[in-house]
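This is what each chain is made of:
Protein chains: 2
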Amino acid sequence: MDERTLLILGLLKSQSQHGYQINDFIERNLGRVSDMKKATAYSLLKKLNESGLIEATTEQGGNRPAKQVYSITPAGEEKFYKLLRMSLVQVNDYLPHGDIGICFMDQLPKDEVIGYLNERLAKTEELLASYEDVPPHVEHLHGVNLTIRHRIALFRCDIEWMKQTIEELRARS
Amino acid sequence: MDERTLLILGLLKSQSQHGYQINDFIERNLGRVSDMKKATAYSLLKKLNESGLIEATTEQGGNRPAKQVYSITPAGEEKFYKLLRMSLVQVNDYLPHGDIGICFMDQLPKDEVIGYLNERLAKTEELLASYEDVPPHVEHLHGVNLTIRHRIALFRCDIEWMKQTIEELRARS
DNA sequence: AGGTGATTAGTCACACTTGACTATATACGT
DNA sequence: ACGTATATAGTCAAGTGTGACTAATCACCT
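One line per chain: the protein sequences are Y and A, in this order. So the number in my numbering is just where the residue sits in the first sequence, counting from 1, plus 1427. So the number in my numbering is just where the residue sits in the second sequence, counting from 1, plus 1427.
It cannot be assumed that every hint is accurate.
[Unchecked claim] Derived contacts from chain Y toward chain A, CB cut-off under 10 angstroms, selection only:
| id | residue |
| --- | --- |
| 1 | Gly1437 |
| 2 | Tyr1447 |
| 3 | Ile1527 |
[Stated by the list, open to error] Result set (DSBU-like, lysine-lysine): computed pairs, CA atoms no more than 30 angstroms apart in a straight line:
| id | chain 1 | residue 1 | chain 2 | residue 2 |
| --- | --- | --- | --- | --- |
| 4 | Y | Lys1509 | Y | Lys1440 |
| 5 | A | Lys1464 | Y | Lys1473 |
| 6 | Y | Lys1440 | A | Lys1474 |
| 7 | A | Lys1473 | Y | Lys1464 |
| 8 | A | Lys1465 | Y | Lys1474 |
| 9 | A | Lys1465 | Y | Lys1550 |
| 10 | A | Lys1509 | Y | Lys1590 |
[Stated by the list, open to error] The calculated label-pair distances, taken between Cβ atoms and stated as ranges, are:
| id | chain 1 | residue 1 | chain 2 | residue 2 | range |
| --- | --- | --- | --- | --- | --- |
| 11 | A | Tyr1447 | Y | Lys1494 | 33 to 41 angstroms |
| 12 | Y | Asp1520 | A | Glu1595 | 20 to 28 angstroms |
| 13 | A | Glu1595 | Y | Lys1590 | 40 to 48 angstroms |
| 14 | A | Tyr1469 | Y | Lys1494 | 38 to 46 angstroms |
No lab work stands behind these hints, which were simulated from the structure alone. In this text the structure is predicted, and so the values were computed from the model without any measurement. Where a beta carbon is used, it is the ideal one built from N, C-alpha and C, also for glycine.
Taking the hints into account, I'd like the entire structure generated from these sequences.
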């Protein structure tokens, strides 16, 4: 949740905006960095507002319904820097999602498992290709490009591991 | 949540046991594969019991309070195999935890960021070493060893990425 | 026989997250 | 002028996950 707070504060730091814009930006540009959903963003905005890290001004545009425009407060900026520093020193400890299945692989015939892993391997290679093809560029967020490289590296690592695992299974008596 | 169901069904498939044993086994042997907490395990057991995938028999031992012993049902075994197959073909899509901070790194002085990343690098190397040193061995769950290798590979990948990133930051005008 | 700490066994209130829903405004074709 | 599709802006019920708590038993010392 700290990560998500950091994200919202970071976006509001560069520009005041309302919930919709924030969610839109995340969906369009940061889908590879965060999977926060709209409803979560709104509820976080509400919480951050209540705790004084951001403040809302009601904007009346024509005869539209009123919208809230959120801006970061000084307290919010402080929190932003604190969370940013925390995030930068934080070790990534992966719990790869699919590894519980790997634990129980002996419950299926070896050849069937090899088939599934090959399927997974192919899908992962496709996904990797989609990252390699599209050179990303989020205007003022240079760091995003580094995260894309990060994920490419992780996919390659996963692919190597799968190949090695399949090889080893094949070699089993 | 499917992953967690798979884990519980898998453990009950090899042996009927109560909630405490399940949680204990996860904490002791599978801390590197799942981070499911005790309360979650109990609530899952309850749900799986209600939906007929497992069944509970009350065990009265001496004058202790009664405990529930859970066993997998035929429906549960079917579900187990279904989830296992799903898990094996499922692509891992990493959203590395710390990458939101990376996105905003330009908000801090370059040298400060390099300092933090070096700290993170050192911590990750330590963690990697702890995985490399202790040769793991979970008796009847041979697949666990493969997951350990998986995580070692991911740590190495992360380390490479950090080194590369730090290098690039250093090289910036 | 009494105290202390670990082990066994489990519950519960609370926080977080999201799918599905509401509702207005704007664009655009016909 | 009218439908209808899309963008804008947000809410809410329901599900998931867990820290903190309760409570009995056991091991061991003194």
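| request: Mind checking the hinted window 38 to 46 angstroms against the Cβ distance between tyrosine 1469 of chain A and lysine 1494 of chain Y? | output: holds, 44 angstroms
| said: What's the verdict on lysine 1465 of chain A and lysine 1474 of chain Y, does the C-alpha distance respect the 30 angstroms limit or exceed it? | reply: Distance of about 28 angstroms is within 30 angstroms: holds.
| field | 30 angstroms Cα cutoff - pair lysine 1465 of chain A, lysine 1550 of chain Y | value | Violated, at roughly 34 angstroms.
| Does the Cβ distance between aspartate 1520 of chain Y and glutamate 1595 of chain A fall inside 20 to 28 angstroms? | holds, 24 angstroms
| task | Return the status of the interface hint for isoleucine 1527 of chain Y: holds when the least beta-carbon distance to chain A is below 10 angstroms, violated otherwise. | result | Holds, about 5 angstroms.
| query | Is the interface hint for glycine 1437 of chain Y satisfied, with its Cβ closer than 10 angstroms to some Cβ of chain A? | reply | Nearest chain A Cβ about 5 angstroms off; hint holds.
| message | lysine 1464 of chain A and lysine 1473 of chain Y were given as a pair; does the straight-line alpha-carbon distance stay at or below 30 angstroms? | response | Holds - the C-alpha atoms of lysine 1473 of chain Y and lysine 1464 of chain A are around 29 angstroms apart, at most 30 angstroms.
| task | Given the hint of 40 to 48 angstroms, check if glutamate 1595 of chain A and lysine 1590 of chain Y actually sit that far apart at their C-beta atoms. | result | violated, 28 angstroms
| request: Compare the distance between the alpha carbons of lysine 1473 of chain A and lysine 1464 of chain Y with 30 angstroms, and conclude whether the hinted pair is satisfied. | output: Measuring from Cα to Cα gives roughly 29 angstroms; hence the hint holds.
| said: Quick check on tyrosine 1447 of chain Y please, does its C-beta sit within 10 angstroms of some C-beta on chain A? | reply: Status violated, d = 20 angstroms.
| Do the alpha carbons of lysine 1509 of chain Y and lysine 1440 of chain Y lie within 30 angstroms of each other, as the hint requires? | holds, 14 angstroms
| request: Using the Cβ atoms, figure out if tyrosine 1447 of chain A sits within 33 to 41 angstroms of lysine 1494 of chain Y. | output: Violated - the Cβ-Cβ distance for tyrosine 1447 of chain A and lysine 1494 of chain Y, about 52 angstroms, lies outside 33 to 41 angstroms.
In summary, the numbered hints that this structure violates are 2, 6, 9, 11, 13.
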